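Chains as they are written, first to last, in my numbering: chain A, 1 to 252; chain E, 253 to 473; chain D, 474 to 527.
The set of hints was computed from the structure by calculation and includes no laboratory data.
Predicted model only: the values in this text are computed from it and were never measured.
Errors might be hidden in some of the hints.
[Unchecked claim] Estimated spans, in silico, between C-beta atoms of each pair:
1. E:451 to A:203: 55 to 63 Å
2. E:473 to A:241: 22 to 30 Å
3. D:524 to E:340: 27 to 35 Å
4. E:332 to A:25: 43 to 51 Å
5. A:154 to D:480: 55 to 63 Å
6. D:516 to A:13: 49 to 57 Å
7. E:276 to A:127: 35 to 43 Å
8. D:507 to A:11: 42 to 50 Å
9. E:412 to A:203: 50 to 58 Å
[To be verified] Pairs of lysine to aspartate or glutamate, EDC-like flavour, derived with a Cα cap of 20 Å:
10. A:237 to A:248
11. A:91 to E:473
12. A:237 to D:523
13. A:91 to A:51
14. E:262 to E:326
15. E:262 to E:274
For each residue, glycine too, the CB sits at the ideal point set by N, CA and C.
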Amino acid sequence: MARENWRWFHMLGSPPHVFRIAGRLAPWFGGLGLAALAVATVWGLVFAPPDYEQGDGFRIIYVHVPSAWLSLFVYTMMAVACAVGLIWRMKVAFAVAVAAAPLGAAFTFLSLATGSLWGQPMWGTWWTWDPRLTSQLILLFLYLGFIALNRAFQDQRSGDRASALLAVVGVVNVPIIHFSVDWWHSLHQPATIAKFGAPSIDTAMLIPLLIMAVGFKLYFVWLLLLQLRSELLLREKRASWVADLVSEQPGR
Amino acid sequence: MRGVFMTTLKRELLLAVRRGSDLATPLMFFILVGMLFVLGLEPRPSLLVAVGPGVIWVAALLASLLGAERLFRDDFHGGGLELAALSPEPLSLNILARLLGHWLVTAVPLILLAPVLSLMMNLPMQALPVLLLVLLLGTPVFTVLSALGAALTVSLRGGGTLLALLVLPLTIPVLIFGSRSVVQAVEGDAVTGVWALASIMMLAISLGPMAIAAAIRISLE
Amino acid sequence: MIAEFFHMDGFAVWVWSAFGLTALVMSVAAVLVRRRHQAMLRQAHRYHSERGRR
Numbered sequence: 001m002a003r004e005n006w007r008w009f010h011m012l013g014s015p016p017h018v019f020r021i022a023g024r025l026a027p028w029f030g031g032l033g034l035a036a037l038a039v040a041t042v043w044g045l046v047f048a049p050p051d052y053e054q055g056d057g058f059r060i061i062y063v064h065v066p067s068a069w070l071s072l073f074v075y076t077m078m079a080v081a082c083a084v085g086l087i088w089r090m091k092v093a094f095a096v097a098v099a100a101a102p103l104g105a106a107f108t109f110l111s112l113a114t115g116s117l118w119g120q121p122m123w124g125t126w127w128t129w130d131p132r133l134t135s136q137l138i139l140l141f142l143y144l145g146f147i148a149l150n151r152a153f154q155d156q157r158s159g160d161r162a163s164a165l166l167a168v169v170g171v172v173n174v175p176i177i178h179f180s181v182d183w184w185h186s187l188h189q190p191a192t193i194a195k196f197g198a199p200s201i202d203t204a205m206l207i208p209l210l211i212m213a214v215g216f217k218l219y220f221v222w223l224l225l226l227q228l229r230s231e232l233l234l235r236e237k238r239a240s241w242v243a244d245l246v247s248e249q250p251g252r
Numbered sequence: 253m254r255g256v257f258m259t260t261l262k263r264e265l266l267l268a269v270r271r272g273s274d275l276a277t278p279l280m281f282f283i284l285v286g287m288l289f290v291l292g293l294e295p296r297p298s299l300l301v302a303v304g305p306g307v308i309w310v311a312a313l314l315a316s317l318l319g320a321e322r323l324f325r326d327d328f329h330g331g332g333l334e335l336a337a338l339s340p341e342p343l344s345l346n347i348l349a350r351l352l353g354h355w356l357v358t359a360v361p362l363i364l365l366a367p368v369l370s371l372m373m374n375l376p377m378q379a380l381p382v383l384l385l386v387l388l389l390g391t392p393v394f395t396v397l398s399a400l401g402a403a404l405t406v407s408l409r410g411g412g413t414l415l416a417l418l419v420l421p422l423t424i425p426v427l428i429f430g431s432r433s434v435v436q437a438v439e440g441d442a443v444t445g446v447w448a449l450a451s452i453m454m455l456a457i458s459l460g461p462m463a464i465a466a467a468i469r470i471s472l473e
Numbered sequence: 474m475i476a477e478f479f480h481m482d483g484f485a486v487w488v489w490s491a492f493g494l495t496a497l498v499m500s501v502a503a504v505l506v507r508r509r510h511q512a513m514l515r516q517a518h519r520y521h522s523e524r525g526r527r
């Protein structure tokens with residue numbers, strides 16, 4: 001039957017297997033990620049032409065937008081992992097989600113902070129209720145809620161499943177929230193182009209942005225793989241594979 | 253199947269009526285929150301009209317949250333929920349009945365009291381029908397979301413604040429569409445937010461009970 | 474020319490703060506992830522040595 005084809009999927013349910021693979025893949029993601037970040041940073045800061053409206057100030061877009069994109073990407077990924085965990089009862093999937101959450105929250109925070117730093121010189125205010133920033137703020141609360149719920153349970157398994165359910169409900173809500181916030185904002189300023197949108201983004205400006213976005217994602221995956229290993233060690237502390245692992249290490 | 257639904261519904265209503273405070277507290281809270289906003293701001297009529305819709309919605313939301321905890325707590329500790337989960341009848345049906353009971357007890361009095369708050373906020377008469385309609389559409393969603401939060405946190409000690417943290421972000425779309433629709437009505441514009449609100453409500457009512465049932469089972473572990 | 478680059482058209486403070494903050498957050502994240510990994514290894518080690526090695 002097609003049993004062989006699904007073997008890789010079932011092996012992903014095995015903590016020691018995932019631990020090993022994550023350890024092997026991580027350096028690749030780290031290396032490629034840092035390379036992409038470096039290339040994009042130089043390109044964006046030096047070679048991209050200045051915006052005719054915002055001058056060199058627009059360059060903040062190279063850190064603000066990738067953080068925002070990443071924060072959404074991570075939440076979606078978390079929700080998928082949670083769904084996998086709930087449907088196929090894979091505890092490794094829950095470990096992935098729990099590992100990703102603080103990282104996603106950090107990037108959400110970063111998008112808010114860089115958004116503020118962009119807003120102040122451009123529009124004279126540290127905070128604008130711009131649809132993107134507002135949605136990011138709401139997303140931050142979704143992340144924090146997930147983390148809080150997960151940690152509130154005595155039993156890790158129940159905590160995982162409860163926060164997983166919350167994440168799945170949350171991810172369904174995210175498009176609805178975006179839609180409602182956009183609508184809310186558009187009623188207020190019908191004629192203005194979205195401030196943080198890039199209405200006339202030039203290809204010369206776009207390419208470093210895309211490279212930066214890829215770099216952010218690769219960097220995140222690097223951190224996720226390492227954090228996942230820590231999660232697995234914590235959860236599987238008592239397992240014999242962990243015992244074997246630490247016996248190979250020199251005494252710490 | 254209808255038997256389970258009606259029995260549970262009747263039980264919920266009976267319990268609420270017996271504990272009269274369950275009926276009165278959210279109502280008083282609703283009015284109180286409205287008052288607090290007014291006292292915190294200037295009682296300038298033009299200001300009140302401007303913030304009125306938002307205030308009424310926030311007050312309704314907070315009042316709904318307030319009643320959420322008791323939705324499952326007693327039955328959780330008393331064993332009633334476990335029985336419901338183990339019974340051959342679908343748990344989501346039981347939950348739907350509880351949700352309806354909760355909505356009838358918490359939200360309907362609130363909707364009936366909305367004209368009072370509308371008066372406090374100096375909203376024009378023409379906005380009242382829209383206000384009632386959007387509250388009618390939006391409060392069930394609050395009930396569903398609060399119940400989901402309650403189901404997820406029922407087994408935790410001190411779950412109340414966590415419940416609020418979990419539920420409030422999810423209610424934002426309803427808040428936005430509901431409140432803005434009233435603003436549109438106040439200003440005499442076309443009320444466009446109602447359609448989105450109706451869609452959200454139908455989504456919540458159809459998927460909500462299943463999600464809540466899943467949450468109850470998780471908490472019962 | 475280099476001075477002009479750093480000046481960023483007058484937006485120096487903002488642009489460099491934004492990039493600096495990003496670099497900071499990303500490095501701190503990496504440090505914290507690594508520290509957690511070491512802490513977890515230590516915990517596991519302690520647990521298994523207390524139980525006695527087979």
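A quick look at each hint next to the structure:
Under the hint 55 to 63 Å, the C-beta atoms of residue 451 of chain E and residue 203 of chain A, about 38 Å apart, miss the expected range. At about 26 Å, the CB distance of residue 473 of chain E to residue 241 of chain A agrees with the hint of 22 to 30 Å. Here the CB-CB span from residue 524 of chain D to residue 340 of chain E is close to 45 Å, at odds with the stated 27 to 35 Å. A hinted range of 43 to 51 Å for the beta carbons of residue 332 of chain E and residue 25 of chain A is consistent with their spacing of about 49 Å.
Between residue 154 of chain A and residue 480 of chain D the beta carbons are some 56 Å apart, a value that agrees with the proposed interval 55 to 63 Å. In this structure the supplied range 49 to 57 Å is violated for residue 516 of chain D paired with residue 13 of chain A, their Cβ-Cβ distance being about 24 Å. Distance hint check: the CB atoms of residue 276 of chain E and residue 127 of chain A are about 39 Å apart, consistent with the given range 35 to 43 Å. For the pair residue 507 of chain D and residue 11 of chain A, the supplied restraint of 42 to 50 Å is violated, since their beta-carbon distance comes to about 27 Å.
For the pair residue 412 of chain E and residue 203 of chain A, the beta carbons lie near 53 Å from each other, so the given range of 50 to 58 Å is met. Only pairs whose Cα atoms come within 20 Å are accepted, and residue 237 of chain A paired with residue 248 of chain A is accepted, the gap being roughly 15 Å. Restraint check for residue 91 of chain A and residue 473 of chain E: the C-alpha separation of about 16 Å stays at or below 20 Å, so the hint holds. Restraint check for residue 237 of chain A and residue 523 of chain D: the C-alpha separation of about 13 Å stays at or below 20 Å, so the hint holds.
Restraint check for residue 91 of chain A and residue 51 of chain A: not satisfied, since their Cα atoms lie roughly 48 Å apart, outside the 20 Å limit. Taking the CA atoms of residue 262 of chain E and residue 326 of chain E, the gap is near 16 Å; set against the 20 Å cutoff, the hint holds. Note on residue 262 of chain E and residue 274 of chain E: the hinted pairing holds, with a Cα-Cα distance of about 15 Å set against a maximum of 20 Å.
The structure does not agree with the numbered hints 1, 3, 6, 8, 13 stated previously, though it agrees with the rest.
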